[in-house]
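Enquirer: We have chain E; now place chain Z onto it with these hints.
Heads up: the protein sequence lines correspond to chains E and Z, in order.
With full-length UniProt numbering, letter number 115 in the first sequence gets 115, and the count goes up by one each step, no holes.
With full-length UniProt numbering, letter number 99 in the second sequence gets 99, and the count goes up by one each step, no holes.
Just so you know, the hints here were simulated from the structure itself, not pulled from any lab data.
Careful, some of the hints might be misleading.
[Unchecked claim] Just a sample of chain E residues kept apart from chain Z, beta carbon distances all over 10 Å, derived:
no., residue
1, V48
2, S90
3, D98
4, G128
5, Q130
[Stated by the list, open to error] Simulated coverage check for chain Z against chain E, where a stretch passes if three residues somewhere in it have a Cβ under 8 Å from a Cβ of chain E:
no., stretch
6, 35 to 42
7, 82 to 96
8, 169 to 181
Where a beta carbon is used, it is the ideal one built from N, C-alpha and C, also for glycine.
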Amino acid sequence: MTPPQRQRRYPNGQPPPPPPQPGQKKNPERLFVVAGKDGAERAEFDLVTLIVASADPPPSAAPEQAALLRLCTTPLSVAELSAYLSLPFSAMTVLLTDLLTADLVTARAPIVRQAVADRSLLEAVMHGLQRL
Amino acid sequence: MDFKGSDTIPGPRTEDQLPHTAEAAVKIVIVGGFGVGKTTMVGSVSEIRPLTTEETMTQAGIGVDDNFGSDTKTATTVAMDFGRISITDQLVLYLFGTPGQERFWFLWNGLFEGALGAVVLIDTRRLEVSFDVIGRLEERGVPFVVAVNSFPDAPRYGIDDLRAALDLDEEIPIVECDVRRRASSRDVLMTLMHFLHSLAVSGALR
Numbered sequence: 001m002t003p004p005q006r007q008r009r010y011p012n013g014q015p016p017p018p019p020p021q022p023g024q025k026k027n028p029e030r031l032f033v034v035a036g037k038d039g040a041e042r043a044e045f046d047l048v049t050l051i052v053a054s055a056d057p058p059p060s061a062a063p064e065q066a067a068l069l070r071l072c073t074t075p076l077s078v079a080e081l082s083a084y085l086s087l088p089f090s091a092m093t094v095l096l097t098d099l100l101t102a103d104l105v106t107a108r109a110p111i112v113r114q115a116v117a118d119r120s121l122l123e124a125v126m127h128g129l130q131r132l
Numbered sequence: 001m002d003f004k005g006s007d008t009i010p011g012p013r014t015e016d017q018l019p020h021t022a023e024a025a026v027k028i029v030i031v032g033g034f035g036v037g038k039t040t041m042v043g044s045v046s047e048i049r050p051l052t053t054e055e056t057m058t059q060a061g062i063g064v065d066d067n068f069g070s071d072t073k074t075a076t077t078v079a080m081d082f083g084r085i086s087i088t089d090q091l092v093l094y095l096f097g098t099p100g101q102e103r104f105w106f107l108w109n110g111l112f113e114g115a116l117g118a119v120v121l122i123d124t125r126r127l128e129v130s131f132d133v134i135g136r137l138e139e140r141g142v143p144f145v146v147a148v149n150s151f152p153d154a155p156r157y158g159i160d161d162l163r164a165a166l167d168l169d170e171e172i173p174i175v176e177c178d179v180r181r182r183a184s185s186r187d188v189l190m191t192l193m194h195f196l197h198s199l200a201v202s203g204a205l206r
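If we strip away everything but chain E, and leave its shape as in the complex, we get (with noise of 0.2 Å):
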């Protein structure tokens, strides 16, 4: 049996357009933009950046603020916390834009990958799928 065949799209053997560089700020296909108020510029979160609470919620929070920091006592990812508040991804941005604003939250940048991995990340996260 013969399975069906793919095409390529570059089938003269053309490299394909070299990936974004790392660094480049703004990807030119990211059209699904929410604004903060008054437009106010959003922090760039990750799904996995990781979210700390760094303070207990103020009086003055919102309920869906109180819950965002009682979640975040302990790391908790973008996605973790969207899943939980039951928010959309772009939602939970603008939340955290305003409680980071507020030094509410601490955000932990994540690692991306780079045009040459770090060999030993690679090595911790095979070491850790090791154990499982």
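Expert: Below, chain Z alone, put in the same frame as chain E:
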């Protein structure tokens, strides 16, 4: 009106909480067609019950081929299941299972750009579903491996036939797996990590 909802918001169980020492996270994306077993794979290796993050795709985010010319604003909810593996006290790995259609990918910041790599999960009954995904990963320069989820009634092809059919370069690993089994899913992830490691070694030598 009393707001009582916050008391009932589910959070991580105590045993699911990350230690305060968790400094940073990395992610791996599992991509494949509907029903290919992405969520099963996430669930079989995750230390937490798989969770779901959703995003609402409004008209601006929908490809023009979908509702071009439509005046009404429509919103589609796209869900993505994910799981977590603590690597060390400092490092956490997240696994995201995402649909193959590229129009969903930009809903989440840097889903692929920031990922260490990707697993393309395929079902030999619907091999064509993965063609587009593979092309897009190649275009974006996202390193990936191909994992064949062995469904009992699926046609079985040799690895060489699959490599030819998918037009994959020689160095790209293809592995068979049963994503219901933790060890098998773990081995797929290990294959990806070994592949990334080999890329890092050859990249450093260049």
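Enquirer: Hint by hint, note whether the structure agrees.
Expert: Hint by hint, here is what the structure shows:
no.: 1; hint: V48; in the structure: 4 Å, violated
no.: 2; hint: S90; in the structure: 6 Å, violated
no.: 3; hint: D98; in the structure: 17 Å, holds
no.: 4; hint: G128; in the structure: 3 Å, violated
no.: 5; hint: Q130; in the structure: 7 Å, violated
no.: 6; hint: 35 to 42; in the structure: violated (count 0)
no.: 7; hint: 82 to 96; in the structure: holds (count 11)
no.: 8; hint: 169 to 181; in the structure: violated (count 0)
The structure does not agree with the numbered hints 1, 2, 4, 5, 6 and 8 stated previously, though it agrees with the rest.
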